[in-house]
Amino acid sequence: MPLSETIPQMDSSTPSAKATPLQAPAILNFVTAAESVDEERDPSPIRQYLSTCGNGAFADKTFASVMLICALSIFAIVLFIFTILVARSRPSLAQFGFGFFTRSAWDPVSGDFGALPFIFGTLATSLLALAMAVPLALGVAIFLSELCPAKLRAPISFLTELLAAIPSVVYGLWAVFVLVPIMRDQLGPFLYKILGWTGFFEGSNFGVGLLTASIILAIMILPIISSITRDIMQAVPTSQREAVLALGATRWEMIRTGVLRNARIGIVGAIILGLGRALGETMAVTMVIGNHPDISKSLFAPGYTLASVIANEFSEATGDMYLSALIEIGLALFIVTIIVNAIARALVWAVTRGAPARVH
Amino acid sequence: MGVGIDVEHLNAWYGSTHTLQDINLNIPANHATALIGPSGCGKSTFVRCLNRMHETNPIARATGVVKMGEVDIYMDASPVEIRRRVGMVFQRPNPFPTMSIYDNVASGLKLNGFRNKAILDETVERSLKAAALWEEVKDDLKKKSGASLSGGQQQRMCIARALAVDPEVLLMDEPASALDPVSTSKIEDLIFQLKSQYTIVIVTHNMQQAARVAENTGFFLNGKMVEFSSTDMIFTNPKDKRTEDYITGRFG
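Quick note, the sequences are listed as chains P and E, same order. Heads up, the first sequence is in the working numbering, so the first residue is 933 and it goes up one at a time. Heads up, the second sequence is in the working numbering, so the first residue is 589 and it goes up one at a time.
The hints are simulated quantities; they were obtained by calculation from the structure and are not laboratory data.
As a list, the in silico SDA-like pairs of lysine to any residue whose alpha-carbon atoms are at most 20 Å apart:
1. E:LYS731 <-> P:TRP1281
2. P:LYS1083 <-> E:PRO646
3. E:LYS730 <-> P:ARG1193
4. E:LYS731 <-> P:ARG1193
5. E:LYS698 <-> P:GLU1185
6. E:LYS730 <-> P:ALA1282
7. E:LYS732 <-> P:ALA1282
8. E:LYS698 <-> P:ARG1193
9. P:LYS1083 <-> E:TYR602
10. E:LYS732 <-> P:TRP1281
11. E:LYS783 <-> E:ASN614
This structure is a prediction, so every number in the text was calculated from the model and none was measured.
Pulled out of the complex, with its shape left as it was, chain P reads as follows:
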């Protein structure tokens, strides 16, 4: 009889029952009433069932350990990949040492390898892609979240997300047949004419090269940045928008102060995700970057990225040194990604001085 067991405990632990004589009779009445009910009827089936349910300690512990295993598996996977990369690139690591990452040579015939042009190509295309995609993505997100008429919101959001679902080889094909000719015949000459003096648009322009690869990358990372940014902006409470509007803000001032400022950490997170995709993107870039390990100031010049050289040359890599150099390129990509992410996070921390934004 669970009820009659709990009632005396409650009674003795409730000071008001003893302290205030006025309330005591009421509680005593309750006890007697409850006991009389107990004697008349069977204990309620719900109480009977609940009393057999145990104390929940086993369920809590199991749940916690299963989740812990899931979390640890992430460490295990990362560690496993890293170990394999290091182990398999041992010949190249032994021969070139740290110099592998700072050398420009890439000569499979004489067995001379260095990763610098690929690191340059990866960083240059990714950062250039970010420079193009971020303003556009923020614009799309601001429009969708703050300005868009309700009727247009769903179709535009759907299209943005569709852009993310297109396989990268299709982007590559589109770039080869559409973007490359445009770059060669219209955009390239135009850029040379107005910005040629900067030195970034020098040399022969075949339509393939760093700039073309960056543009296709920008298009590919646009949807992920804009849709995450939009979601984050929509999560900013209306009270923040109203607070700014009530001070006499224009629409843009409201968005800047009331929305973007509160969402900035999340927006940087979205940009980091986009950057992650740009760093690792292989297929589309390989198809339009020119695949030549050069370090050139000109954006028209062909380049090569870490991911492209692995995709292009792995199947034809003859000899242990060539193979292990390519695996070390993979290691370089791994490290570059970690460093770039670390820098981005340090940047967030510097902007917010370690205090996460709290939004009510």
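Start from chain P and add chain E according to the hints.
For chain E alone, coordinates are given in the frame of chain P:
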């Protein structure tokens, strides 16, 4: 100095719901005016029409004439201009969490491009003093986030933020309903002091609060204004049966 507000035939809708029906009202300058009534009666919508915040909701619209002094706020001015002249304090404190206390209070001025540091400093101090918060925060104005204050302090900071742009009218939409009794009485003291310099319109659920702070009180019910007169009259000698029922607690 505040300015009086004349409201004529004000109607407002949320979607197809007619939330305000033909409201006519004169709110005198430099006095506190309280609006009471049960939840959903339209009093919040009414104050949101006075600074054109109502129309920020895409499904909301309003018709009628609202004159602040000589200015018809719906015909002669943009919402941005009106909101610069009409400060608003919301039901729940809404500080900017990523800004320091100083920046929170200065945000209205900075927003409008004001950059003179000496005047900004002075305004922040004056506004925080007017909001009775200066003594509590003066040592960590720029160190602490606006969100790190207690609820009552946050609300007083929001009042300081509204006062910093030197408005003529101060709208308060249940400013103390999310606060404990001590903070509430501080806010009420504040309203009592501020009303000589600003026209204050305060929405409240708490009839004692209306009686304590306001010279005039309006009673709203189901989107209509049932009665508007001096607070004494409303509470001691209401003309309308519905007002009497409400203030004596027979409904609502």
